[in-house]
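Colleague: As a plain string of letters, each chain reads:
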Amino acid sequence: MSSASGRTLLQVEDLKTWFASSSGTVKAVDGVSFEINRGETLGIVGESGSGKSMTALSVLKLVPDPGRIVGGKVMFEGEDIVKMDESEARELRGNRIAMIFQDPMTSLNPVLRVGFQVEEAMDSHTKYNRKEAHQRIVPLLRQVRIASPEQRAKEYPHQFSGGMRQRAMIAMGVSNAPSLLIADEPTTALDVTVQSQVIALLRQLNREQGTAIILITHNMSVVASLCKRIMVMYAGRVVEAGETRQVFKNPQHPYTWSLLRSIPRIDSNRKQRLVTISGNPPDLSNPPPGCKFHPRCRFRVGRCSVEEPPLEEVEPGKDARCWVLMRNVENVEAG
Amino acid sequence: MKQAEPDLSATVPQPVVRVEDITKHFSVRQGLFGSIPLKAVDGVSFQIGAQETLGLVGESGSGKSTLARVIVQLQPATSGHVHFEGKDLTALRGETLRRMRQRMQMIFQDPYGSLNPRQTVGTIISQPLRNFGIGTRKEQEARVAEVMNECGLNPNFVGRYPHEFSGGQRQRVGIARALALRPTFIVADEPVSALDVSIQAQIVNLLEDLQQAHHLTYLFIAHDLSVVRHLSDRVAIMYLGKVVEIAPSGELYERPLHPYTKVLLSSIPIPDPDQEALREQARVEGEPPSPTNVPPGCRFHPRCPIAKFPICSTEEPPLVEKSRGRWAACHFAGEF
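Protein chains in written order, with the working numbering: chain A, 1 to 335; chain B, 1001 to 1336.
Everything labelled a hint here was simulated from the structure, so no lab data went into it. Quantities reported herein were computed from a predicted structural model and do not represent experimental measurements. Any given hint could turn out to be false.
[Claimed, not checked] Partial list, derived from the structure: chain B residues whose beta carbon lies under 7 Å from chain A:
| hint | residue |
| --- | --- |
| 1 | Ala1201 |
| 2 | Val1204 |
| 3 | Asn1205 |
| 4 | Leu1206 |
| 5 | Ile1268 |
Ideal placement from N, C-alpha and C gives every residue a C-beta, glycine not left out.
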């Protein structure tokens, strides 16, 4: 990938976030590197235990105990977040970097009016003074397409539907005009029609405000509809990364390849048998030797179980971590 | 105002299950003394043919899970009938009903919550056999080993507890339990939606294999239209307690007749960025209203993207057959 330039917003280098546990060290994030430019959209895809959410929490220095960032750099607008103390990190969060989570109810305070909480998100930072913050509440709610925002600002979270709560969270998130929005499974708990509304809203924020977005999800289809670039994680590692179109059209890592064929598509007829990935994701306190995916990989060769492949550029703008690569596998569609 | 509904919505040859005008009402407390009715299922009729898979799709509040529980008699219907293998279950009591219920089983969404954590998987899977007093202990053990094998579980793990299994394996335990009694009809309520993506395909393929091997009839309930399309012969779409469209799945997906179906379909992202960029998007504003507050006329009219005619807000459209096997409840079905 291209080196840091004036357009680079966030550059993560060899990030390692580990957890000490009774059964050994869990390397939840193990040497993850990526970058995102200003105004760009990046999807981080993986299953539970892939390290996708922990990567996001590490970027915000919000790693829960007993986890520790044990190595690497998170360069954001020229500063290393890993080296920041708690007060500096707090000033960054909700200000220049915002984060929204899957379940808005746990992030909203049930006893405070929604408008107050949006205002509070601005008052805890210095970008807007009290008066400006107060005046921004209704326009912000309107921007996230909450109907009758004047009225809704006076209501409590329980009076909001699930989709409206997620919109309110997004309003709080973007209230300080962040340059980066990290959204962790923002649509997973929502109904499908509401999910597509929220994706449309994120797309609009990205296009109109130029907010860069990192979308963390298990849903490949959501990435296809929102993100320009994609990064696929497995067992704490990046296994494939590149432009979304290229990765979907021509995946090189067997894990990405299998994932894309394991999901039924709304636009294809039934009775095409789904490709399955046998077994389960590895126990991270005791990961397999060599490539972490090899025990589940149908294309493995001898080397895969002894030596871990590096993440390497396999074609311009696309990296993959595999000794075999799908382009070297013949007649896979038939098998 | 109830419309005259057709007697047999969406008829099929040799129906195994015939659901006739089922309603299920709850009463929800409001304030100190008052209560308001919640019509979770409000007049639903359909049939499921032998060895057919009917997909049932709806968003939260559509009543799809309540309907499932009423069909397998886990909850009594407020009114209406459920016929299963020719008998009206709603009229049966006691031993006769018990015997019929052996032949219909349910698979649940949450493989964690639906298994007793203190029982071994052997005990869990054999529970239905013991409940119905089927076979000797030895025969029960043999049957447990047999269904575990069929569901891709190692029978040597019969003495293990649910927490020792992964999410996908736990769902296999739930499926094995449902199979133990050799049912003919299985209701699967969101069986893959709690699972990791790489595990979902394993369970979907397993359900297909079991249907082939045992000539099972499925009612497959999900909010994920892609999985439903993959598995179903026909699909029924529910909105606020009513079926708004039923059709063979290929036709429903290629040419939806009800505007709500169209909206649902275009809400699903396709795992293909090129296709995504080209798609026409029929999006709706807002979210489904609460079933305690059903709009007059067509339930979908406040969110409906097609032109709003006066009739839409005054008269509830009945579910009628628009062309062979295609039923829709819209005054302007297919005319948009």
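Colleague: Report holds or violated for the interface hint on B:Ile1268, using the least CB-CB distance to chain A and a cut-off of 7 Å.
Modeller: holds (5 Å)
Colleague: Minimum Cβ distance from B:Val1204 to chain A below 7 Å?
Modeller: This hint holds: B:Val1204 lies near chain A, its Cβ roughly 6 Å from the closest one there, short of 7 Å.
Colleague: At a threshold of 7 Å, is the proposed contact between B:Ala1201 and chain A supported by beta-carbon distances?
Modeller: B:Ala1201 check passes; min Cβ-Cβ to chain A is 4 Å, inside 7 Å.
Colleague: May I ask you to test the interface hint for B:Leu1206 with respect to chain A, counting a Cβ-Cβ separation under 7 Å as satisfied?
Modeller: Since chain A brings no Cβ nearer than about 9 Å to B:Leu1206, farther than 7 Å, the hint is violated.
Colleague: For the hint on B:Asn1205, does the least C-beta distance to chain A fall short of 7 Å?
Modeller: holds (6 Å)
Checked against the numbered hints above, the structure breaks only hint 4 and satisfies the rest.
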